[in-house]
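Visitor: What follows is the residue order along each chain.
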Amino acid sequence: MAKIVAGMACSHAPSIAHAYDHGMTNDVGWKPLFTAFEKSQEWLESQKPDVLVVIYNDHVDQYFYDAWPTFSIGMAEQYDIPDEGLGARAFPPVPGHKELAAHIATSMVADGFDITASHRMSLDHGFLSPMPLLDDGWKIPVVPLTINVVMHPLPSPQRCWQMGEAVGRAIRSFPGDMRVVVFGTGGLSHQLTGPNCGRVTAEWDRKFMDMIESAPQELNSYTMADFARLGGEHSVEVVQWMAMRAALPPYARLERKFYYPFGMMGYGIMTFRVPD
Amino acid sequence: MSLYELSRACYDLRDEAARERFRSGPEAYAARYQLTAREREMLLKLDWKALAEAGVSIYVLTKLGAASNVEFLELEGAMRGMSKQEFVDFLKRQAEQNKAFTLGLD
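Note that the protein sequences, when read in sequence, are chains A and B. Just so you know, my numbering puts 117 at position 117 of the first sequence, and the rest follows in order with no gaps. Just so you know, my numbering puts 294 at position 18 of the second sequence, and the rest follows in order with no gaps.
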């Protein structure tokens, strides 16, 4: 059976992509974040993963208001690099793992989780800002999953936790010897509109990370409105951290915790290992 | 449907050909969408604050910003009624205040 060997949560942002594409990774402000990603890349390699399951959110690139799936999964052989307004970034298509994707989708529906299957999908900066820093050259195939954190009504944090649990059960029931690492990207605090535009609430970010580490299910009693109030409207992406954590077995152990409030964001990284 | 149309006008700028149409004739570009006079004005004047207040997602406003060669920090500063420089200074002060919460730096 497939085994979830590790999990990682990290921020995603166009700013990360911009700094990376413009050779700014060694700039004073950016260096701490890119150093942390470099360490995470070494860590990921040491996990020897066969597939990366990445839970992220789209930002009105793949999906629009005609219809927006609450939860979706990519089922494709490979995934497109989108044009988010500045032209597509210079990466080849991202290789997918069709068999695992098909298995997760089927298992989730059988498990009472009616996820939308996307047979053609582009992966916007929710995926594409952190992932080249972790798997340069696309050596490891992926299964992308999305949670709607943009078009209301949004799913509750508790429902996102349950989604992660269902993803975990589905992966673990995949026949065959396979090492899987699960990712959740997004957050932490940021607010991109309104009178508090640019606000970073670092104290809350640290509290959230502590809860993800030691009491993740307590986050199920929060609402999306709570997250928006505490971390900013656009910080509700943190439900993807919850889904990742829920996909791991409860005995997963924290390996690394990094937090860096900079510019308009609280940037965070957490990695977990699943003991044998 | 108006907010939909306004959002659609920004969303469609994911395509280079659309961006060229927008840049070479913003009024003709806007005319392809069913907008009220006020919506058309906000779009053509790049009134970021008003567009956001009207409910247009920041994630499509960034596409309008990119097509208009407006830097993200300038667009975001406008949300607070600040110039780009004022906004950058605000972010620097904030980062300084938040420094104590940094964790796990190598």
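Heads up, a few of these hints could be off.
[Claimed, not checked] Below, simulated BS3-like cross-link-like pairs (lysine-lysine); rule was C-alpha separation at most 27 Å, straight line:
id : chain 1 : residue 1 : chain 2 : residue 2
1  : A       : K31       : B       : K360
2  : A       : K257      : A       : K98
3  : B       : K321      : A       : K31
4  : A       : K257      : B       : K368
5  : B       : K368      : A       : K207
6  : A       : K3        : A       : K39
7  : B       : K325      : A       : K31
8  : B       : K375      : A       : K39
9  : A       : K139      : A       : K207
10 : B       : K375      : B       : K360
11 : A       : K257      : B       : K375
12 : A       : K207      : B       : K360
In case anyone wonders, no lab produced these hints; they're calculated from the structure.
Visitor: Compare the structure with each hint and give your call.
Guide: Hint check results:
For the suggested pair K31 (chain A) and K360 (chain B), the alpha carbons sit about 23 Å apart, so the restraint of at most 27 Å is met. Note on K257 (chain A) and K98 (chain A): the hinted pairing is violated, with a Cα-Cα distance of about 32 Å set against a maximum of 27 Å. Taken as a hint, the K321 (chain B) and K31 (chain A) pair is broken in the structure, with Cα atoms around 37 Å apart against an allowance of 27 Å. Proposed proximity of K257 (chain A) and K368 (chain B) is supported: the alpha carbons are some 24 Å apart, at most 27 Å.
Under the criterion of a C-alpha separation no larger than 27 Å, the hint pairing K368 (chain B) with K207 (chain A) is consistent with the structure, at around 23 Å. In summary, the hint linking K3 (chain A) to K39 (chain A) is supported, as the alpha carbons are separated by about 23 Å, within the 27 Å threshold. Restraint check for K325 (chain B) and K31 (chain A): the C-alpha separation of about 32 Å exceeds 27 Å, so the hint is violated. Taking the CA atoms of K375 (chain B) and K39 (chain A), the gap is about 21 Å. The hint holds against a cut of 27 Å.
Taken as a hint, the K139 (chain A) and K207 (chain A) pair is broken in the structure, with Cα atoms around 35 Å apart against an allowance of 27 Å. Simply put, K375 (chain B) and K360 (chain B) have alpha-carbon atoms about 22 Å apart, close enough for the 27 Å limit, and the pair holds. The straight-line distance between the Cα atoms of K257 (chain A) and K375 (chain B) is roughly 16 Å, inside the 27 Å bound, and the hint therefore holds. Between the alpha carbons of K207 (chain A) and K360 (chain B) the distance comes to roughly 31 Å, so the proposed pair goes past 27 Å and is violated.
Violated hints for the displayed structure, listed by number in ascending order: 2, 3, 7, 9 and 12.
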